[in-house]
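These are the residues of each chain, in order.
Protein chains: 2
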Amino acid sequence: MTIETAIAALKPLLGNRLSTADAVLALHGQNETYFPATPPDAVAFPENTGDVAEIVKICAAHACPIVAYGTGTSLEGHHLAIEGGISLDMSRMNAVLKVNAEDMDVVVQPGVTRKRLGEDLRATGLFFPVDPGADASLGGMAATRASGTTAVRYGTMKENVLALEVVMADGSIIRTGSRARKSSAGYDLTKLMIGSEGTLGIITELTLRLQGQPEGISAATCAFPGIDAAVNTVITTIQSGIPMARIELVDANMVRGFNIIDGTSLPETPHLFIEFHGSRTGVAEQAGQFGEIAAEFGGHGFKWTTKTETREALWKMRHNAYYAHKALAPRLRAMATDICVPISRLAEAINFSVEKSAELGLVSTIVGHVGDGNFHCALSFDPDNTDQFARVQGFMHQLAKLAIALGGTVTGEHGIGMGKIMYMQEEHGEALTTMRLIKRALDPQNILNPGKILPPSNH
Amino acid sequence: MTIETAIAALKPLLGNRLSTADAVLALHGQNETYFPATPPDAVAFPENTGDVAEIVKICAAHACPIVAYGTGTSLEGHHLAIEGGISLDMSRMNAVLKVNAEDMDVVVQPGVTRKRLGEDLRATGLFFPVDPGADASLGGMAATRASGTTAVRYGTMKENVLALEVVMADGSIIRTGSRARKSSAGYDLTKLMIGSEGTLGIITELTLRLQGQPEGISAATCAFPGIDAAVNTVITTIQSGIPMARIELVDANMVRGFNIIDGTSLPETPHLFIEFHGSRTGVAEQAGQFGEIAAEFGGHGFKWTTKTETREALWKMRHNAYYAHKALAPRLRAMATDICVPISRLAEAINFSVEKSAELGLVSTIVGHVGDGNFHCALSFDPDNTDQFARVQGFMHQLAKLAIALGGTVTGEHGIGMGKIMYMQEEHGEALTTMRLIKRALDPQNILNPGKILPPSNH
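If you read the sequences in order, they're chains Z and L. Note that the working numbering numbers the first sequence so that position 272 is 275, with each residue one more than the last. Note that the working numbering numbers the second sequence so that position 87 is 90, with each residue one more than the last.
Think of the hints as simulated: they come from the structure by calculation, not from any bench. Be aware that one or more of the hints could be misleading.
Stretch-level coverage of chain Z by chain L, calculated; a stretch enters the list once three of its residues show a Cβ under 8 Å from a Cβ in chain L [claimed, not checked]:
id	stretch
1	159 to 167
2	186 to 198
3	262 to 271
4	332 to 346
5	427 to 437
Ideal placement from N, C-alpha and C gives every residue a C-beta, glycine not left out.
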């Protein structure tokens, strides 16, 4: 009962769909942030749910860890097989199985990526709204409870997954939820699986809610004298019931980065990037009302557009935040925090980040999904500079503690993985015991993505 | 270790907040539908979370069943102590603890009722949108995953509860979620508790999302030549991205009932009751667009109003559906189904209900939350007419099976309780095993609302 015997047992089942080639292992052991490379012992490439069930059954029989792999774009090392075992690469399960246009839902396999789904849906007039930036797999997005710039309007993966098919730790296959829009029939296993990061089951199929393409879209940027002014503009806009589709904050440093990589000359103060979706007259009205509110808080340079090219350029700039950050310190690596707090405390948390990182001599930038109270503070560091890395980590700890103290969470959308596991006890307290009981009940051998979400227990 | 020893142990703790008076037991053993009266052995009246924790600890020590009681308005017998034990009456935990207006959330105790919260919030410009009709307690609404007429716009309890405090089966107190609008930090225990009907824990505090009162509200009714025309109007409206706040369908029989109790002379054909929320110009535009779509499907008599009195009269009529149904068969009792299906199959399910109930010689009416695919078919019966009651039950079984066959659920918003437990295996299949594992892990003695949600297991 070892990883080796599991691999031996998997070979006859999978043939060349099981790889132990160094290059393949190395690829599945990489990550986009600061975790050390962690190659698995083997990579399996299932092609259907039956494959996944058989693989899990064999792993269960040999007590071999199994870690689902989507596109590897996780920022918290979710997909790293830190206790060894099998990386389950879902990329071949990439079919869009059924578009139900009348019901505005779609059934997909977990390896379908966000952009691919968008392309498949283009002709239908429908779209899937959750956009975490990276071209992640939909299975991975569900597993990490991902969201992004549109969550303020359309919700996160939690609100946009209707049903799942999941392979459990014993290889059994369950279906959670249904295509009905709501149900009161028993425990909400769909929501339990969303955000469980592959520790309770392997998602093998998803039914997603779709939205109709809005008739009108207007977008704008607006400069503000400070963080508080920008955040107060957002609070007032939300309270006024003006439905924003996107509302993103960037700080002065980030604007400086944009100016470097885009050759623009935006005033280097905090900005909001805004988008409205609705009828043509609706978005015009909303943009007008927003402009008035922004002006009250000292917003200036506000100009809205419905032109597709101008809008796309605006969001391209915003989505290039990572590169704009890198432009401020080209030779350093970057990592990002992900706290989410009640919006009334957001300015306080962002100002703390800006001031504290400056005090520590760190290059930092802020991008925030400000309508949700969620923001990322990106920090540059030199991996060989241990003193600097210690300051980065000290800053991350302080910010995590602040988030919890303000009634928020250490992660709004990136997930726990390995990077936030040390805060689970502080954020959840006694509820962590409940999570452990659930994990133990559903995965008694701890073979599903061991070492993630739940910190080692003392008892 | 019996119910009797538990009651003896609870007395010193609770004094006169523990009652075994016949009238109190009888009250807590009643229900609004067809289940036989089922008085508990005692009723406890906790006044704070500490009380609940102590009561549960004592019940755990004596393996005594404990069933939370809100307002007793459940339609599926959720609050009946069918294995005896303690009814935990939450009505004294009825404080609105904190309104966070800037964050648009509120913290309440579980005994606060929906209407009471609405009154408390009136001056703030904010409101809590979930409206199941009855003046239910918010704890009960969360426990049954309730919704109602506004779910199409604002969601169900699932989307509107941010955080909970819960007393677990061993008397430990946990906090789930936070006041942050989103989080990816671990298993979603909030959503697991919502809809768990008191079988996994006792909800002792809720943090709820609030909405801003819309600037403009317009409402209307519209007559249609048939069910299909009305449903197709709704499908087209949703696909056009016109945001409805409420969209309710009533069938010809129900309109006949309205005409009887209200003295109106509406054409006795299917009708939609519609409401739009938004800016003043927005709701005017939406009502206009809806009117055009309705006309295409043969809708007539459409006239929208923004006058508060006219609107209130309209929704009062809709909310009196139960009495309108009763008017069609005044001497009989009534019960209601609650299936929810993908909207493309809704007309089929409603037409089946209308035709089948007529064929069986039953008095039936339909009201539907048609934007969600959820509808209630109310049926009249004489409890002493066993043949007729058998026909009602036969109809309910057929409709439940149809819902599952159409990719839907046997209960959109009323919950499982006792009334739908016989369909859990058929609706969930292997996923029922996962639910059982969770129940066993969190309530190993099965003291929390035993006999609800999970049907007796063969193993």
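Consistency of the hints with the structure:
1. 159 to 167: holds (count 3)
2. 186 to 198: Held - the stretch 186 to 198 of chain Z has 11 residues with a Cβ nearer than 8 Å to chain L, which meets the minimum of three.
3. 262 to 271: violated (count 0)
4. 332 to 346: Held - the stretch 332 to 346 of chain Z has 5 residues with a Cβ nearer than 8 Å to chain L, which meets the minimum of three.
5. 427 to 437: Contact hint for the stretch 427 to 437 of chain Z vs chain L: holds, 9 residues under 8 Å.
The structure is inconsistent with hint 3 alone, although it conforms to all the rest.
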